[in-house]
Structure formats: structure tokens, C-alpha cells
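Enquirer: The chain contents come next:
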Amino acid sequence: RKEVEQDPGPFNVPEGATVAFNCTYSNSASQSFFWYRQDCRKEPKLLMSVYSSGNEDGRFTAQLNRASQYISLLIRDSKLSDSATYLCVVDLYNQGGKLIFGQGTELSVKP
Amino acid sequence: EPEVTQTPSHQVTQMGQEVILRCVPISNHLYFYWYRQILGQKVEFLVSFYNNEISEKSEIFDDQFSVERPDGSNFTLKIRSTKLEDSAMYFCASRDRIRTDTQYFGPGTRLTVL
Numbered sequence: 001r002k003e004v005e006q007d008p009g010p011f012n013v014p015e016g017a018t019v020a021f022n023c024t025y026s027n028s029a030s031q032s033f034f035w036y037r038q039d040c041r042k043e044p045k046l047l048m049s050v051y052s053s054g055n056e057d058g059r060f061t062a063q064l065n066r067a068s069q070y071i072s073l074l075i076r077d078s079k080l081s082d083s084a085t086y087l088c089v090v091d092l093y094n095q096g097g098k099l100i101f102g103q104g105t106e107l108s109v110k111p
Numbered sequence: 001e002p003e004v005t006q007t008p009s010h011q012v013t014q015m016g017q018e019v020i021l022r023c024v025p026i027s028n029h030l031y032f033y034w035y036r037q038i039l040g041q042k043v044e045f046l047v048s049f050y051n052n053e054i055s056e057k058s059e060i061f062d063d064q065f066s067v068e069r070p071d072g073s074n075f076t077l078k079i080r081s082t083k084l085e086d087s088a089m090y091f092c093a094s095r096d097r098i099r100t101d102t103q104y105f106g107p108g109t110r111l112t113v114l
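Chains as they are written, first to last, in my numbering: chain X, 1 to 111; chain L, 1 to 114.
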């Protein structure tokens, strides 16, 4: 089983749509969770951290379920500028703080 | 805003040659990392470095790879004898502390091995 597994893409949605990404992780020692965004051939950039209580940042909502080892990201009212690859990431504190990345889900928002 | 920088942005080399990729982490950060991303694949962890020594390394990080912090600012990744399959984007990252901070990535070096 892959350490971090994401929905296969691409997701093609119209502007204004709501889109949800799912992710599961296998390592129960995973201690922090993030969504990163990656634009074509650029570095990953932190979008938001993910907390068990759920957290929101504008149009973005992230959720973590530790019991089922599941992470989600919801994007509301999607914009053309949201087009990117979204990376589900887990942080292993007890392994040098290394980040384990999912393969990413590509989102394309069309006018 | 402080940022991680990397040089060069693109390196082309012949198979079997040595390359050194350079990174300048954010100045007050203590933990340093290298990742790579082969075209079309996911970002993969290579190595973490703290207190002047490797704290964790992946299976990819074999004897051909080494890291060094030669002075107070630079963090380098050396590949001794490059192979075709080393062609990838190499990202450096740094963080201030574990548990309460995430990692900040540099723009990457694209390595092409011919």
C-alpha cells in the first residue's frame, strides 16, 4: 500500500464549482498533515495545514480523520487561478521530520 | 519574506560526471532537506540534515549521494557519478523546528543527465 494515496486526476471543473480531493495515508505514526499546491515545474508551496477539528482558510476547507487515516480538501467557488496540482503531505516527526508526498491530484478550472 | 534559494536553476551534465547542487536555506532554520521529483512522478524524500549530520535518508540516497553544510549558509547535494535516472528536479527545503513549523521549499534545480 502506498504511504500517501490520492484521488487520481485530472479534475476538470468550471469556474465557480466546488471540488473535493481525498487522501489516505498508511503510516499511523504520521503526525502532521498538509495540503501543498504545485504549479507546473515549480516547487511545492504550502496551502494549509490540516487539523482533526477541521480548518478553513477562505474558500478552502481541510479535514483530518485520524481513525480512518483520511484527509480531505474542499475548494469552493473555484477560480481559474486554482488550476494546479494539489499534494497531500504527511510529516513524520520521528523520522527527521521528513515529508511524504502523495502523487498529487491535478485540477483544471475552465472559464 | 525570507526564502530558500537554489543554484543553478538548470544543470546539464554527462553521465558519470559529478554535480553539486547548491542551496541557501532560510537563515534561522535548523533542519535541512533534499527532495527530488522525476518528471511526471511524485516528490520523493532524499535526506534530512540537522546539527551537521544526516538524521534520516531514503533508499534512493545511496553512496553516490552526499550532503554538506560547508559554511553557515550553504547546504549542498553532491552526486558523484551521475546516471541517466538521476535526471529530475531537486528541491531543497528548510524548517525552523519540527512539530510546530512546516518546510519551505526552494525553486529547485532541474538536473538533466545525458
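Since the hints were derived computationally from the structure, they do not count as laboratory data.
Even for Gly, the Cβ is constructed at its ideal location relative to N, Cα and C.
There could be a bad hint or two in this list.
Here are the simulated BS3-like pairs of lysine-lysine, each with C-alpha atoms no more than 25 Å apart in a straight line [claimed, not checked]:
1. L:K57 x X:K42
2. X:K42 x L:K42
3. L:K42 x X:K45
4. L:K83 x X:K45
5. L:K78 x X:K2
6. X:K110 x L:K78
7. X:K110 x L:K57
8. L:K57 x L:K78
9. X:K110 x X:K79
Covered stretches of chain X (in silico footprint by chain L; criterion: 3 or more residues with CB under 8 Å from a CB of chain L, positions within the stretch not fixed) [said to hold, decoys possible]:
10. 19-28
11. 76-84
12. 97-108
Enquirer: Decide, hint by hint, whether the structure agrees.
Expert: Now the hints, each set against the structure:
no.: 1; hint: L:K57 x X:K42; result: holds (23 Å)
no.: 2; hint: X:K42 x L:K42; result: holds (13 Å)
no.: 3; hint: L:K42 x X:K45; result: holds (14 Å)
no.: 4; hint: L:K83 x X:K45; result: violated (29 Å)
no.: 5; hint: L:K78 x X:K2; result: violated (29 Å)
no.: 6; hint: X:K110 x L:K78; result: violated (42 Å)
no.: 7; hint: X:K110 x L:K57; result: violated (41 Å)
no.: 8; hint: L:K57 x L:K78; result: holds (14 Å)
no.: 9; hint: X:K110 x X:K79; result: holds (8 Å)
no.: 10; hint: 19-28; result: violated (count 0)
no.: 11; hint: 76-84; result: violated (count 0)
no.: 12; hint: 97-108; result: holds (count 8)
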